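The task is simple: from the sequences and hints, build the whole structure.
Here's the letter readout for the chains.
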Amino acid sequence: MKFKKTSFEQGNVLICALCTILIISLIGANVLQNCTTRFNVSSSQVRSWKEALFAAEAGGDIGYAEIRKTVLNPLQAFNGWTNSGSQHVSPSTAFGENNLSTSAVVDLFYNDAITGNPWFRSRSRGTAPVSGLRRIGMDDRMGAGSRGDSLLRKIDFNTDHFIATYGPNGDGLGKALIPVANPQITRRIEQISAPVTPFEAAIKCTDTFYGLGSAAQVDSYNSKNGPYYFCANNPADPHFSDSRSGSVEIGTAVMNVNGMLYGNVSTNGGTIRPSQYITGTIDNNIPFTVPPYAMPTNLPPPQLSPTSVSSTVSITPPVAGTAAAPTYYLLSSLSGKLTINPVGGAQTYVAIHVTNDMTAHLDVKPGVHVKIFFDGNMDVKGRDIENESGLAANLQYYAISPSDPATVQTISIAPPGFFAATFYAPSADVHLNGNPDLTGAIVCKTFYGNGNTSWHYDRALDTEGDAVDYRIVSYVEDIR
Amino acid sequence: MRPPSQFRINGFTLAEMMIALAVSAVVLGVTLTSSSSLQKSFNAIDSYFATHMQQIRIVDYLSRDVKRGLVVTTSADLQTVTITVPNYLVQAGDPEAIANPALVGCPRTPTITNTPSGPQVNYGAVTSTIVYSINGLSILRTENGIVTTIASSTDQLVPQTTDVELANTEYTKTSITFQPIFTSGGSVAQRSGTTVYSTAYLRNKRRG
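Those protein sequence lines, which keep their order, are chains P and U. Just so it is clear: in the first sequence, position 337 is 337 by my numbering, and no numbers are missing. Just so it is clear: in the second sequence, position 192 is 192 by my numbering, and no numbers are missing.
Since the hints were made in silico from the structure, they are not lab data. Please note that the accuracy of each hint is not assured.
To be verified - Below, a sample of chain U positions facing chain P; criterion: calculated Cβ distance under 7 Å: (1) Arg-68; (2) Ile-112; (3) Gly-145; (4) Thr-149; (5) Arg-203; (6) Arg-206.
Here the structure is a predicted model, which is why all the values come from computation and not from measurement. Note that the Cβ used here is the ideal one computed from N, Cα and C, for glycine as well.
Structural data, given as structure tokens:
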């Protein structure tokens, strides 16, 4: 009998092959696991951390846009937000390919003591989802054997760590475990928006400029250091440093400059060249725009009388008021003569809205701070602007821009008479005639002045006037 | 009848055994060598990657602090950066905290002061100081005396920060290099090839 030959060695080969595959698979899995952690950290977590800041800054921009509307388009400011007193909460906004989200809380936290202009704080948060696997072997310390993966970046894998630890407002109140649908990173920033005041230069016009007369001069002083006197040609004078800020800013290339300018000159594409008549810098490449001016909406209710002035009228407000809450008068016309008296010896704040043309003689007694808002045109003589304190900041004219941009608004000031005042009229054509001695500043559309005027810019106007825009002046991140 | 011997059929000759052993030894040697090389490569890549992550972390830390900084200065050797930042949170010992201990850790409402260069936003009466420095193989971040090691590597991480101050703005330029462990020559190219650059602007630059 003959036995059949069997091949037991084939089974051994199979086992060896399987063991080899198993070992190689284990090595591969180990490598993959390590790589996955690093990939998660480097790719998705770093990206999400940066994108969360982009989202938070987008929320800051949304808040900033609404803050600007409080002066540029007051009726539309914070529309669609949840408004409670001076606090405004935005709805959550989702955007971007990676489904980022942001929201902002804006509140009025400070009123300027001098101007009454509000300052706003905007707190925004941005959230970016973290893709990839959840926490794998991450550590939050740096040292031997640890890599500090989450040392910087706080990732919410299961719950929102900020609300759990510090509360929704970061003040320790209302702590709660809020589950998150997917891993995410949230970052929070706080920005402060400061009001931009209108009088940064002696003369600023967005369109054409002609003037002043050939024997005119523009210089400056600072009323905080005392009354004006000419010292722009005397470097030894203690107030010389305040005397050469009589700057002129033109938003177009059309500029005919005459007289002596103790300050800087800028145009948008003009051909002004250095000369002995301009002491400061010349820049012919500065474009700018000035937005139309709208009637402020934060004034208190108007007084019951007077409601129009067409003869000689003298008013003494019932209370001194403040810059933020002046005594407010609403007049359908203002002609004749209006005298405004202080309340006792107190600094007295008054706002007057004239819904028609301005042709009145105005007498502002010392200690009175007046803002005149008018919807129509202004046509007066220099002597009709009687500001007895001599401080330009105490008499401020604001020309409300016509709703129809095609409507021409004019301000015409004829001789005789000297005065101290400021004008903010971004939509108005200004004509200045004669040889007056003026203290103040003007913002207008076009400027024409053919007289040999002496124009003194008051550097104290830097921080005076109603807010005409806002700028972000502070940025802080809540790094918790 | 005598059955055939299975041992004789299934056995190996001496020659077969020697050939099999030789082949096995070669295969085992190749496998071990490959595994060792693979492990070295993996370690090198992992180390490079980890150090690169630390580069990014240093850059991100610096950018975050510079952005919210009021003042930034760098040392002459460009390796120590000092940043003054607002005191956003009420700290223990602050006047607000002494008056009301519950405020510790709360965000602070800023105050406004007028300066010759314009209005200034202040978070508390004092500011915080953050210093980035190198200590041996570690990069340290020290905030008000509290030290945190934000990076540590045997790969010789070297951050350098330049502070650029212009009329209306200020920014820092940072470059971070390291020497990968698997390179042997230590040439300039091997280090510069690892450089990461970053630029961050101060958003709270204080003038005057």
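Now the hints, each set against the structure:
1. Arg-68: holds, 5 Å
2. Ile-112: holds, 6 Å
3. Gly-145: violated, 17 Å
4. Thr-149: With Cβ-Cβ at 4 Å, under 7 Å, it holds.
5. Arg-203: Arg-203/U check passes; min Cβ-Cβ to chain P is 4 Å, inside 7 Å.
6. Arg-206: Hint violated; Arg-206/U Cβ to chain P Cβ min 10 Å, cut 7 Å.
Comparing the model with each earlier hint shows violations of hints 3, 6; every other hint is respected.
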